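Protein chains: 2
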Amino acid sequence: MGATGAVGQQMKDQLEKRKFPIGNIKFLSSKRSAGTAIEFNGQSYTVEEATPDSFDGVDIALFSAGGSVSEKFAPEAVKRGAIVVDNTSAFRMNEEVPLVVPEVNKEALKSNSGVIANPNCSTIQMVCALQPLKERFGLNKIIVSTYQAVSGAGIDAINELKDQAADFDNAATAEAKVLPVKSAERHFPIAFNAVPQIDQFADNGFTLEEMKMINETKKIMNAQSLAVAATCVRLPVVTGHSESVYAEFDSAPTLEQVRDALRTAPGVILQDDPSKQEYPMPLMAAGKDEVFVGRIRQDLDNPNGYHLWIVSDNLIKGAALNSVQIAEALIEEQLI
Amino acid sequence: MGATGAVGQQMKDQLEKRKFPIGNIKFLSSKRSAGTAIEFNGQSYTVEEATPDSFDGVDIALFSAGGSVSEKFAPEAVKRGAIVVDNTSAFRMNEEVPLVVPEVNKEALKSNSGVIANPNCSTIQMVCALQPLKERFGLNKIIVSTYQAVSGAGIDAINELKDQAADFDNAATAEAKVLPVKSAERHFPIAFNAVPQIDQFADNGFTLEEMKMINETKKIMNAQSLAVAATCVRLPVVTGHSESVYAEFDSAPTLEQVRDALRTAPGVILQDDPSKQEYPMPLMAAGKDEVFVGRIRQDLDNPNGYHLWIVSDNLIKGAALNSVQIAEALIEEQLI
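Protein chains in written order, with full-length UniProt numbering: chain A, 1 to 336; chain B, 1 to 336.
Hints were generated in silico from the structure; no laboratory data involved.
Warning: the hint list may mix true and false statements.
To be verified - Covered stretches of chain B (in silico footprint by chain A; criterion: 3 or more residues with CB under 8 Å from a CB of chain A, positions within the stretch not fixed):
| no. | segment |
| --- | --- |
| 1 | 26-35 |
| 2 | 46-56 |
| 3 | 62-75 |
| 4 | 101-113 |
| 5 | 282-296 |
As the list claims (entries may be wrong) - With a cut-off of at most 27 Å between alpha-carbon atoms, the simulated DSS-like pairs for lysine-lysine come out as follows:
| no. | chain 1 | residue 1 | chain 2 | residue 2 |
| --- | --- | --- | --- | --- |
| 6 | B | 141 | A | 218 |
| 7 | B | 141 | A | 162 |
| 8 | A | 134 | A | 288 |
| 9 | A | 177 | B | 276 |
| 10 | A | 177 | B | 141 |
Owing to the predicted nature of the structure, the values given are computational and were not obtained by experimental measurement.
Beta carbons: idealized from backbone N, C-alpha and C, even for Gly.
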């Protein structure tokens, strides 16, 4: 559901690449995109307009077409026997809905009522990197500042950056209609800028994106007493979110212990050698499946504190890949 | 000294704009740039090659021509009776050299031996915003992640970004010769990227830029026990550094108390109204004299903790303006 969107296309690519066991597949969308042709595993499919009956006989439905579409169609799919893996924020904080990153909390899948939520992109990459450290050293505090790509705001945002970037000398007066938030009153140029707003503001002064990182992290890590703070910033980067993370552990591991924990962590690639200028960057992480971690340093004042730089493709592990991995885990755990 | 550089030109502009009391002025440079014509206060000057004797009869010498030039010529200028205001890192951590941001520690000027150091750009804007809060609420911890503009790396870095940004579709393979550090072995594209290296790496895994922020902040604020951590990141922004700062106070002020302290702080402009999407951005701070602060939020777990977003023009308050303000303070305090 949402097959023609940026994440929908990545989902299709991941299903192919990972040889997901498929009997039948259908590609659904809104009326507007129905009729589009899609190639999948060497065969051509036509995108169909979603109706409640589209989900008859479906085992797993991957949703990535916006919160309102999920709210309308996910219950219909569940009613018809499907398990929905939903990539929107519609159900993430519902108590009966598991919010899952398979590397972190696969066991949460067991108690589902038909809907599994896929977390926010910036949350996924952070918990992938921090979970192996939490398991070994205990974790009590996270302070994260993000450096987020425009592709998280869709294809219109990418085009807006492209248009603005083409006029280097007039960046400050560039036309802006999409970012920081399409539905917001004011829009600001993103090219050659850094905009400290992603999603709308909550009443407490944090943005909804920041609150997602805070609340989702606690839910996924099953750690309500974990202190989490986030500042989310949009950058003129096309794809690849970066995060400057300060993490405070219950003990004081050595740098090599932290590196070892990440070296063997599933889905994580350690890129951390200052002597070779080796560290992750979004331009190089784009298109890759893994979460990259580098710039690891023990805090100079608190031996329990570490600083890390975490980068991943926000459309892949941050969305499409994680959804497909949830579907794989459902099969693996015989929950389908 | 360094009259033809990016900061040198901004110094000239500030001297004009602020009607600095000048009897005679001379513009100095290396042999390479000597002979360039400069307009100042409606008169034309020719840039002269610096020699030790250039400083005969000079009261105040503003230096911004790189550390090695300062090391060579600053002692010569001091020997001839000048006070040197040095914008390089050459003398900043020398015990007998005051490191000054006039809004914060003007009194440190009094015990100088002829050289006053101008701090690093990213340090200046941060201490301007935090000093009024430190005075009222006490300050014990800072964790900062920076979003830094390429103009801090000079005109070559600006041109590199410009060239790379013109080829949107080939960003990942763009030619890079300057950033992240001209003298380093490896160079990476900056357009549509975020590079977590500014300056070379120290042995402890922090970069020299990060260590500058840590050590200079303690020296300027006269607070050796203040815990400071920094992660410095270069962005595809031309001018204007941004900083995501977590500050922990000795007490728990209300949001309005923090805003009030900043509203009345010298050189600071409060830009903080989420309901109007009002917050600082580098594209809008470029060309301005002030330090802009917004996105102020009390930490959700620690009432003594606050998150702030601090933006300023790295060439103006981060360099040229602060140097000129130091010179003004020397006159005002009758130290010249």
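Outcome, coverage of the segment 101-113 of chain B by chain A - at least 3 residues whose beta-carbon is closer than 8 Å to one in that chain: Answer violated; 0 residues pass the 8 Å Cβ test.
8 Å C-beta test of the segment 26-35 of chain B against chain A, three or more residues: violated (count 0)
Per-stretch coverage check for the segment 62-75 of chain B, three Cβ contacts closer than 8 Å to chain A: It is violated: at least three residues are needed, and the segment 62-75 of chain B offers just 0 whose Cβ sits closer than 8 Å to chain A.
Annotated coverage of the segment 46-56 of chain B by chain A, confirmed only when three residues or more have a Cβ within 8 Å: Check failed, 0 qualifying residues.
27 Å Cα cutoff - pair residue 134 of chain A, residue 288 of chain A: holds, 25 Å
27 Å limit on alpha-carbon distance, applied to hinted pair residue 177 of chain A and residue 276 of chain B: OK: residue 177 of chain A and residue 276 of chain B at ~16 Å, within 27 Å.
Pair hint residue 141 of chain B and residue 162 of chain A, alpha-carbon separation not exceeding 27 Å: violated, 40 Å
Verdict on chain A covering the segment 282-296 of chain B, where coverage means 3 or more residues with a C-beta closer than 8 Å: holds (count 7)
Pairwise hint evaluation, residue 218 of chain A against residue 141 of chain B, where the allowed Cα distance is 27 Å at most: holds, 24 Å
Holds or violated: residue 177 of chain A to residue 141 of chain B, with C-alpha atoms at most 27 Å apart: Violated: residue 177 of chain A and residue 141 of chain B sit about 39 Å apart, past 27 Å.
In this structure, the hints that do not hold are numbers 1, 2, 3, 4, 7 and 10, in rising order.
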